[in-house]
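Novice: Those sequence lines, one after another, are chains W and A.
Take the first sequence: its letters are residues 1 to 58, numbered as in the numbering used here.
Take the second sequence: its letters are residues 59 to 314, numbered as in the numbering used here.
Heads up, a few of these hints could be off.
Within a straight-line C-alpha distance of at most 25 Å, the following computed SDA-like cross-link-like pairs (lysine to any residue) qualify [what the hints assert, rightly or not]:
# : chain 1 : residue 1 : chain 2 : residue 2
1 : A       : 254       : W       : 14
2 : A       : 254       : W       : 4
3 : A       : 254       : W       : 11
4 : A       : 254       : W       : 2
5 : A       : 229       : A       : 186
6 : A       : 254       : W       : 3
Some chain A residues near chain W, calculated using beta-carbon distances under 7 Å [to be verified]:
# : residue
7 : 161
8 : 277
9 : 278
If you're looking for bench data, these hints aren't it; they were derived computationally from the structure.
Owing to the predicted nature of the structure, the values given are computational and were not obtained by experimental measurement.
C-beta: ideal position from N, C-alpha, C; glycine also.
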Amino acid sequence: MALGPYASFIVTSYALVAAVVLLLIVWIFADYRRQQARLSELEASGVTRRSRRTAADI
Amino acid sequence: MPLIDLANPSRFLALTGRILPWLAGATAILLAIGLYQSALAPDDYQQGATVKIMFIHVPNAWLSMFVWGVMSLAALGTLVWRHPLADVAAKAAAPIGAAFTFLALVTGSLWGRPMWGTYWEWDARLTSVLILFLMYLSLMALWRAVEDPSRAARAAAILTLVGAINIPIIKFSVDWWNTLHQPASVIRMGGPTLDKSFLWPLLVMAIAFSLLFITLHLAAMRNEILRRRVRSLQMMQASRTVFSSEQSASTKMGTA
Numbered sequence: 001m002a003l004g005p006y007a008s009f010i011v012t013s014y015a016l017v018a019a020v021v022l023l024l025i026v027w028i029f030a031d032y033r034r035q036q037a038r039l040s041e042l043e044a045s046g047v048t049r050r051s052r053r054t055a056a057d058i
Numbered sequence: 059m060p061l062i063d064l065a066n067p068s069r070f071l072a073l074t075g076r077i078l079p080w081l082a083g084a085t086a087i088l089l090a091i092g093l094y095q096s097a098l099a100p101d102d103y104q105q106g107a108t109v110k111i112m113f114i115h116v117p118n119a120w121l122s123m124f125v126w127g128v129m130s131l132a133a134l135g136t137l138v139w140r141h142p143l144a145d146v147a148a149k150a151a152a153p154i155g156a157a158f159t160f161l162a163l164v165t166g167s168l169w170g171r172p173m174w175g176t177y178w179e180w181d182a183r184l185t186s187v188l189i190l191f192l193m194y195l196s197l198m199a200l201w202r203a204v205e206d207p208s209r210a211a212r213a214a215a216i217l218t219l220v221g222a223i224n225i226p227i228i229k230f231s232v233d234w235w236n237t238l239h240q241p242a243s244v245i246r247m248g249g250p251t252l253d254k255s256f257l258w259p260l261l262v263m264a265i266a267f268s269l270l271f272i273t274l275h276l277a278a279m280r281n282e283i284l285r286r287r288v289r290s291l292q293m294m295q296a297s298r299t300v301f302s303s304e305q306s307a308s309t310k311m312g313t314a
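Isolated chain W (complex conformation):
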């Protein structure tokens, strides 16, 4: 596949799109892990949502 005299523009475009999409995926995945960890930490300390409480808690 020959990209001609403007190969650098084409390669930069595709590389940039790949980088930004990867960054989005990593950011969303890391955010999910962070929120899950904070939620488990809070629940471990005894703070739970009403829907999760048992009759004994109330």
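Chain W is already provided as a structure; the job is to place chain A on it using the hints.
Specialist: Chain A only, in chain W's frame:
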């Protein structure tokens, strides 16, 4: 499952947890097919190989407008129907829309330099897309600035609906004004003017990027729901701490 059940965040989390792996797989397969077809597409008789930039520029440009459309619907959901997931959907979509708009601007610039002889021109299409990008950033700043999500939701919904005026301006800017940017060649009266050897890779890439958006959006919505749960638990924990310290203070006063 009736659609109204999705208004329940717990059911939404359960359903999207099952759907997301399939969506991610379909996105990866379609992206691979689209990239393969783009690599095999012939050179354009005028643009040469730079026509390959179109296969990533156009889907990003379409999605930059489509995401704002999704956010506008969500804004109506917040203001009119007060749907519990509407603001979650809008807030989760904004950074993804900003990323697509950024990519549309940069890949357009990288195509423009060899074809137009300039990276940037203050014409109607380019300027209106730049305004869209700045609007995405301002919305994200607004959500970060207001701590209470319900107050931020109303302000952001109004700003989103006002900003929706820019979407038809972007779409028709090439018809209304004399711009350097070429007029529409796919979504137009009379059908696409592109040759099939370019049209097919472009459509596959457009569907792949749309699936990518849906996948990332659902995942980001799940994160936002969890973030709001964390916030409400932290507030519950803080109020418990205040309550117990007040109780111990009153007990001490009673014994004194």
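Novice: Decide, hint by hint, whether the structure agrees.
Specialist: The hints, checked one at a time:
1. 254/A with 14/W: 22 Å, holds
2. 254/A with 4/W: 22 Å, holds
3. 254/A with 11/W: 24 Å, holds
4. 254/A with 2/W: 21 Å, holds
5. 229/A with 186/A: OK: residue 229/A and residue 186/A at ~9 Å, within 25 Å.
6. 254/A with 3/W: 20 Å, holds
7. 161: 5 Å, holds
8. 277: Check passed: Cβ of residue 277/A comes within 5 Å of chain W, closer than 7 Å.
9. 278: Cβ of residue 278/A sits 5 Å from chain W, so the hint holds.
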